[in-house]
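Visitor: Chains as they are written, first to last, in numbering that gives the first Met the number 0: chain A, 0 to 242; chain B, 0 to 399; chain C, 0 to 401.
It should be emphasised that the hints constitute simulated quantities derived from the structure, not laboratory data. Any given hint might turn out to be false.
As the list claims (entries may be wrong) - Lysine to aspartate or glutamate pairs mimicking EDC-like chemistry, simulated, CA-CA at most 20 Å apart:
id, chain 1, residue 1, chain 2, residue 2
1, B, 245, B, 218
2, C, 153, C, 170
3, C, 246, C, 111
4, B, 245, C, 120
5, B, 245, C, 111
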Amino acid sequence: MAAAGAGAVQAQIELQGIERVFHLGDSVVHALAGVDVRIEAGEYISVMGPSGSGKSTLLNVLGLLDRPDAGHYRLEGRDVTTLSADEQARVRSHRIGFVFQSFHLVPRLTAAENIALPMVLAGLPPRERELRVRQALAGFGLADRAGHRPDELSGGQRQRVAIARATVMRPAMLLADEPTGNLDRATGDEVVRLLEQLNAAGVTLLVVTHDAALGARARRCLRMEDGAICRDERQQGAAHALG
Amino acid sequence: MIAADALRFAWRSVSSQRMRSLLTLGGIAVGIAAVILLTSIGEGIHRFVLGEFSQFGTHVIGISPGRIAARGGPPSGLPTSVRPLTLDDAQALQRVPGVVGVVPTVWGNAEAAARGRVRRTVVYGVSSGALPVFNMQVAVGQFLPGEGAEEARNFVVLGAKLKNELFGADNALGERVRLGGQSFRVVGVLSPKGQFLGMDLDDTAFVPAARAMEMFNRDGLTEIHLTHAPQASVQAVAAAAEAVLKARHGRADFTIVTQQEMLSTLSNILDVLTMAVAALGSISLLVGAVGIVTIMSIAVAERRAEIGLLLALGARRRTVLRLFLGEAVVLAVLGSLLGVAIGFGLAQLIRLALPALPVSTPLLYVMLAVASSALIGLLAGVLPARRAAHLDPVDALRAE
Amino acid sequence: MRSADLLGFAVGAARGNRLRTALLMLAMAIGVAAVVTLTALGDGARRYVVREFSAIGSNLLIVLPGRTATGGINPGSFVSGTPRDLTVDDAQALLRAPAVQRVAPLTVGTSELSVGGRLREGMVIGATAEFIDVRQLRMAQGRFLPAQDWNRGKQVMVIGAKLRNELFPNEAALGQFVRVGDRRFRVIGVLAPTGSGLGMNTDELAIVPVPLALAMFNTNSLFRILVEARNRDAIEPARRQVSEIIKARHDGEEDVTVITQDAMLATFDRLLGTLTLGVAGIAAISLAVAGILVMNVMLVSVAQRRSEIGLLKALGASNGTIRMAFLAEAALLSAAGALAGYALGLAGAALIRALYPQFPAYPPDWAVLAGLGTALGTGLLFGVLPARNAARLDPVAALARR
């Protein structure tokens, strides 16, 4: 999916001059120092860089979890930087899905209930929710684990529940922060395959990682250092290479 | 977020920490139980006292000389040099529309002697209409006849106890009794009435008012009781009576108290007492509320990551606030329901164990208790819920 | 572990979570403060009543006309309505009793007092010169009723402070005339204000010689006779002597009731004391609730500090030591909260004293000890379970998790 010329298809995500500054005690930290990037719908991007380079902050800004101190963020043509907290929450609910390194499942809820959580928060009626949860459970191979709580699930199952939760509202983009960090190799590969399948279906996928092999699988790689993007490369990717 | 879902979410949070939630709502339960138990006792006493006062007949208006009594409290019966209420005043009041009976009343303490037995007793000087005023019934014979006050003959009607003390099981009708030096003939005996606030109502004798006035050497009556027709307006009758007496006396140098006023004053006092006692019990509730604040604060701190997740999933801050407030309210309301059950149970237990102590659980207070517990939950939950709602999701998610 | 270290451990733990500690202390403080303030109020009321009673005069007996065989109070016993009057001569006769020091006959009624154009209905007392001593009253102006034959009386009047202000707002009262019915009385004295006395508010009284009052109310019968015994031991004998003298004078009829002031005082004392106890008990329920909170928070604390406990055990702490450490924490929190509550309660009592200076509102020692003791006790009691839980933790499991 090539980026169109000027005046044609608008980019899904546009960051212009994004800055994020933290004050820690006496020192001032420029977590993001002037980031510009355009991302089209359906892209598969990895974000890599040393610790402290700002990649997690970038993800947080993209996910509307953090507000930049300067610059503009346009999502699907809409300037979301100036939105109110409630409006941003709505965008998070409907357009963005998160996948975390430590899964962040609610320990007292079952797998099914965890998957349903975004819909409950959005106020969807129970009937609609049940339908979608059943579809998700089936789609992610969790049908027999529906009533189990997170402490009764394996690491891979937990991350699958988390991904199911992240996609149940059919978001436009998936933001994954070290999604395989807490998983063993084999399970991690499974999870990556899942994410890539979702991307193939049209969901923009951004993966923050320091695993070079994982980073190489994306079709575009953003390298960050000291709060800025130092390299923005198209890659061959290895999306269909792994069997 | 749909309300039912919010409630279910709150319930799941509460029920997932059984011991902790149980202890938290236990605190509220103890407080509510204390309030319910205490107000049950208060209400029981309230009903008991009002019930006791119904030993006076309804539809009665009392008139006493002087205005001191107007300052509150029942007529003291003190002698007064203010213009007294006389038998003629009582006669005049019979004209008042709506008045069914007029009973001039005098009372005092005298020795009753019959058949060689002597006994100190309370003597009431009344008229024929006294039965409804004192809510009495004649067991044997009849009451005083309705004759002119001044010429009333020396008849006496005995209370049940006095009759037994003087005459035992024998028939007393027609016998003579010496009261305060005068001789009276028994024309009737009353049915037993029991006690009223410690006074024995059956240790009494009723004679015509004029004769009692002579016995106690008084110019004036202690009181005039009016009975009025049930459908008559109490205010109208009282006003009319006041007008009649005012005309006769030239001034309002008397006090008119309707039974409603007396009962309502009494009722108010008892209500205040019950509320004071409830307030005492509420101190425990206050501590219970502090308990909710404490435990909710702990919960918010523990569930930082969960809160961050909810925000990341697109929950509005207001939603997070409401979810945690909901938990506090659920705890408080559950606690109050438990407390009502315990309080009610204890009250019933007391009723069985100590029949002498009147207990009655007022529904109003129960509803108030549950409603105020919801309010307590809201207030107690505000601080921790606000803290939760204002967490920075990035920080919260990082804390793992 | 040394107790000082134990305490230090507990303090450190408490400091570690300030909000939690503060809230726990608040819970305890509310309970203790309530107990202290309420008992101060109750005891203040009790002491006030006792003091007022004592102010009336000690070694006092009161003779009331009327008596019922069944005893108890009834309308007839409050008001004189007996065929045989309780007379001034009866009162005079009581002076013969060896145990009796002083006698003050008394009659009471309501009347209309008029001064110039001003009309006021008020309580009129018929008394004698002895009244002021027996009741231990003080004059503000002028003098009390002169000592004279109880069957004769000059038309003089002594009025209470409040009555004086109402009848003579702008002028001197002494020497003025007050009309009662068809008689005029010259004001010869004004009583010092006493605030509200029990029963009769002396500030609103008008006092005239007893024979004139009896005539005014058209009766021969006294309302009361106040009798002062020689000393405390003479009270009982005085009571018997008074009863006998009256009985003899009343044709062998026992138609009076003789009450000792002591008995009345004792009743009130007991009543108010019980009331205070009851109120304190109810307030103390809140201490139980505070104890429940202590248990709740300590259980959470133990769960959260699993690894810390595991470490301590690994370092050689015995189960007993762990238990003591957590008990010490519970005790410290309860004690600190209780002391804070005590201070709060004292402040509350001071506030009451400021608002109502006539109430000596001080928390009685028994209440303070009971409140502090209960607070500490419930804290310890409810700290037992969490301490036990902590002591029974398996160190391996505790350290393995995270």
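Visitor: Hint by hint, note whether the structure agrees.
Guide: Structure-based check of each hint:
The suggested pairing of residue 245/B with residue 218/B holds, with an alpha-carbon distance near 19 Å, which does not exceed 20 Å. Straight-line distance between C-alpha atoms of residue 153/C and residue 170/C comes to about 24 Å, which puts the hinted pair past the 20 Å bound. Our distance criterion of 20 Å between C-alpha atoms is broken by residue 246/C and residue 111/C, whose separation comes to about 35 Å. For the given pair, residue 245/B sits about 17 Å from residue 120/C by alpha-carbon distance, which is consistent with the 20 Å threshold.
Our distance criterion of 20 Å between C-alpha atoms is met by residue 245/B and residue 111/C, whose separation comes to about 17 Å.
In terms of the numbered hints stated before, the structure departs from hints 2, 3, listed from lowest to highest.
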